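Chain residues, written in single-letter form:
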Amino acid sequence: MTTAETATPYLNRTSKQFRIALILGIIALVLGAFGVFRVLALGNLGNLSTEVPWGLWVGLYEYFVLLEVGAVLSFILLRYGAGIRELDRLGPIIMLTALAALVGALVSIFHDLGQPFRVWRPILAPDFGSLLTWMIWLHLAYMIILVIELWAYRLGRKDIVKNMAYISVPAGAALVAVLGSFLSVAAARPLWNDLLLPVVYLISAFVVGTGVVLLQHLLFSPDRGETIYYRLAYRLGRWFIAWILVGMFTALTISLVMTYAEVPATAAILRQMLTGDYAWTLWVFHVGLGILLPIGLLFWQEKIHDRRIRVRTLKAASGLMIANFLMVPMNVVIPAVAYRYDHVRNILVRFEYFPHLVEWLVMFFVIGLMLVIFAAGIRLVIQPFYKIAIQAPVAGEAAGPDSNEDFKTEKQ
Amino acid sequence: MSRSKTVKTQNTLISETNAKEEQIENPGSGTHSRYKNLRSPESGSPKSGDLSRRDFLKSMGTGAAVVGIAGGCSRADANEGLEHLEGTNLVMVIDLQRCTGCGGCDLACKSENNLREGHFWSHHITTTSGKFPNVRYEYLPTLCNHCENAPCEKACPTSALHKVNGGITAHDPQKCIGCRACIINCPYGEVSAHFGQPHEEWQEEEELIAGVTGSAKSTLEDVGGERIPIYNNERENHGLGNRHHGIVEKCDFCLHRLREKKLPACVKRCPTDARIFGDLNDPNSSVSRILSRYRPFRRMEHLGTQPKVFYVRSFNAAADYPQTKGELAEVDTNEERAGEFFSQMQQNQTERYGRDEDGAIDITKLAQQEQLFG
Ligand code: SF4
Ligand code: SF4
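In order, the protein sequences belong to chains A and V. Mapping of the first sequence onto this note's numbering: residues 1 to 412, in sequence order. Mapping of the second sequence onto this note's numbering: residues 413 to 786, in sequence order.
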C-alpha cells in the first residue's frame, strides 16, 4: 500500500524528472527559436511550395494528434474497458502527455499557416462546410476536456475524472475521424482516399496510444520496483503486441488492395513509396525500427526471467515504436503531395521535397515546448495528485464521494 | 514553381499511357444533357428552399459568424459591383480546333493580374504522342475551372474561397489564412501559394546580359522603384493589385474586368477567338449554342467537380491542313495545294459554326460582350 514512506522517493523521482524535462525542453526551445523567428518574423516557410504545400509540419501535426487521442483512448479502453484498475494512478500522466501532444500539434500547424496571426478567423468567422473548421473546433473542445480532467486529478475529484474520461472518448474519436476524413475526402489526392484514413488513423491511434500508456507506466508509475509494476508492464506489453498486429494487418490489407487494383493514380504512388528514392524512410524507420524491431523485442522479453531486463526491453520497444511512428503520417502526407498523377498525359509527376533546416528547427521548438509543458504538469498536477492519493482514507474507512480512493493501489 | 514549369523540368515520368485512365477521361463519352444542371437558374445562387446539407452546415457557420461579427470581423458583400451578373452562370468554352497554342492567353493573364514569377492563372498542358514522323502534339489551355462543386471552396475554413454571382469561385485575400487546404483539394493544380513578397524577382541586381542590359532592379529604379514597370493598377478594382506573402491566389475570371463589363483578359487577347465566354443560363448565348452542337469534355469529369471550362473539338491537323510528312503526306504538296487546303479550312470553320437554322454562331468578342452585358 502506498504510504508516506514510499511517497518520498516517488516525489523525489518526479522532481528529478521535472528537472530533466525542463532542462531538455529549454535547450530544444533555444535551439528551435531561430527557426520560429524565421517563420513568424520573416515568413520563411522552408521548402514548402505550391507543388508540395504540406510537409514536415503537417506530418508532425497529425503525429501529435494521433498521440494525444491515442493515449487517452487507449488508457480509457484499458482502464474502463478491460477493467485494469491498477492504471488509475497513471491517469494524470496520460492526460498530461495528451495535453502536451495537443499543444505540440497546434503549435506545429500554427507555423504551417502562411498567415499564422489570422488563425482566429476559423474560430470567430468559421465556415462549417470545411472539415478543417471542424478539426479546429474539435481540438479546442478536446483541449478543454483535457484541462478539466487534469484539474480534477489535481483536486482528487474522481467523479469528474470519470465523467470527463467518458466525454473524451467521442471527442477524441471524432477528432481522429475528422483528421482522417479531411485527407480522405480530397478527391484530388486519390492515395488518401484509398487509404481509408479515418479507420486507419483510429487504429493507428490505438497502436501508438497503447505504446504511450506502456512507456509512461514504465517511466512514471509510482509503484516502480513493486510486483504490481512488473505485472502491469507485462500485461500492457501484450496489449501492445495485439494492437501492433492489428495495425500491421490493416496496413497490409489496404496496401494489397491498392496494389491489386492497379489504379494508376494510386498504384504508381504506392510503388514509389515502396521502392522510390525515399523508400528507406518507410523500410528503415517505419517498418524496421518502428514495427519489426519493437515486435521482436516484445516477443523476446516474454522469454526473459530477469524483471529489470524485461522492463528495459519493454521501454526500448515502446520508445522505438512511438518515435518512429512519426513516419506513419509522414508517409501518408508527403507522397500524396510530392507525386501527382497527370490525367491529361497519363503520367506520374514528381515534385522534390525534403524538409528545410527551418522546418526541423521548428520541430525542435515544438518538442521543447511540449517538454516544458510536461515539466510544468509534473509540478502542478502529478505531484499534488500523488500527495492527495497517499492521504486518502484506505479501503474500509469512510470515504466521501469526492475522495480519490480508487486512485490508491494495493501493493502485491 | 508553376505546374507546367515543373512539368518541363520534371525528370521522372513514371507511368506510360494507360488505357483504363483514357476511358475514364474519354471526351466523347459525355452528352450535353450531362451539363443540364449547370443551366438551372439557381445553379449560381441556390434557391432558399433547396437547402443541401452543406448549406445547412454553412448556415450554422453563418450563425457562428454572427458571433464573430459582434467581435469585430464583419464581412464585406462579396457581390458588390457584380450585381449585373446575378442569375448568370458564366462558363468558358475553349475551342481546341481554333487554338493555335500561341500562349497569348497566358501572357495576357500574367500582365493583367500582375502575377509574380512562376505563377500562372492561365496555363497549358502539352502532350506529345506517337513516333516520328507520325507525331501528335496537343496543347490544352488550362485555368481555374470555377467548378460548380468546387472542392477548394469546400475545404476553405474561412470562406476566403467563395462563390460570387455568375458562379465564379473568387478568393478574398484578406480572409485567407494560408492553410493551403485549397491547393491540396483542387484536382487541377489551379491554386498557387504566394510565398515571399510580390515580384521579388525585380530586386535581382544581376544584369540580364552582362555589360549589355541593366538588371531587373535598375529597370525598376528607372521607373520610380515603387511598382514594377508592367504593373496593371486596374487589378485593384477587385481584390488586391498584388497578392502578399502567405496567402494563395488563383484565376477569378478577371472579376475586376467583369465589374466594368469587360471580358476576361485571356478571352479578350486570344487572337483566334478560341476562348468563348458567356452565360450558360442564356440559351441564345454563343457558349450555350456551341455546347449544344459539339460534344464537350471537361477536365477530370469523373471527380464530380462540375468544371465550368469546357473544351470542344480537338486540333486535327489532318482534317484541314496538307500533310508534308508521315503516312498521310501528300505527294504533290506545293503552295497551290496548300492554298486550296487553307480556303477549304476556312470554309469548314464557317460551316461548322453556321450550319444552324438560326444562323451562324457569332463567336466574336463583340458578340460575347453584347450577349453578356448588353
Ligand atoms: S479548378 Fe480548382 S481552384 Fe478552380 S474552382 Fe475548381 S477546384 Fe477550385
Ligand atoms: S489557403 Fe486561404 S483560400 Fe485556401 S483554404 Fe486556406 S484560407 Fe481558404
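Some hints could be false.
[As the list claims (entries may be wrong)] Now the in silico label distances, taken between C-beta atoms and shown as ranges:
hint	chain 1	residue 1	chain 2	residue 2	range
1	V	N696	A	L256	53 to 61 Å
2	A	A41	V	K674	53 to 61 Å
3	A	L256	V	S541	46 to 54 Å
4	A	A33	V	S541	47 to 55 Å
5	V	T776	A	F37	51 to 59 Å
6	A	I144	V	N649	56 to 64 Å
7	V	V547	A	A323	50 to 58 Å
8	A	A41	V	I642	41 to 49 Å
9	V	G515	A	A323	24 to 32 Å
10	V	G499	A	T259	44 to 52 Å
Hints listed in this document are in silico derivations from the structure and should not be mistaken for laboratory results. What you are looking at is a predicted structure, and each value in this text was computed from that prediction instead of being measured. Ideal Cβ positions, reconstructed from N, Cα and C, are used throughout, including at glycine.
Take a look at whether the Cβ-Cβ distance between I144 (chain A) and N649 (chain V) falls inside 56 to 64 Å.
Given range 56 to 64 Å: violated, Cβ gap about 45 Å.
Using the C-beta atoms of A33 (chain A) and S541 (chain V), is the stated range 47 to 55 Å upheld?
Holds, at about 53 Å.
Outcome for the supplied range 53 to 61 Å, where the beta carbon pair is N696 (chain V) and L256 (chain A)
About 55 Å separates the Cβ atoms of N696 (chain V) and L256 (chain A), which means 53 to 61 Å holds.
Quick one: are L256 (chain A) and S541 (chain V) within 46 to 54 Å, going by C-beta?
Violated, since L256 (chain A) and S541 (chain V) (Cβ atoms, about 33 Å apart) do not stay within the stated range.
Could you tell me whether the CB distance from G499 (chain V) to T259 (chain A) stays inside 44 to 52 Å?
holds (50 Å)
Can you let me know if the beta-carbon spacing of G515 (chain V) and A323 (chain A) is within 24 to 32 Å?
Check failed, 50 Å falls outside 24 to 32 Å.
Between A41 (chain A) and K674 (chain V), does the C-beta distance stay in 53 to 61 Å?
Given range 53 to 61 Å: violated, Cβ gap about 41 Å.
Assessment of proposed distance window 41 to 49 Å (beta carbons of A41 (chain A), I642 (chain V)):
violated (30 Å)
Does 51 to 59 Å hold as the CB distance between T776 (chain V) and F37 (chain A), or does it fail?
holds (57 Å)
50 to 58 Å as the expected CB spacing between A323 (chain A) and V547 (chain V), which holds or is violated
holds (53 Å)
Hint compliance for this structure: hints 2, 3, 6, 8, 9 are not met, and every other hint is.
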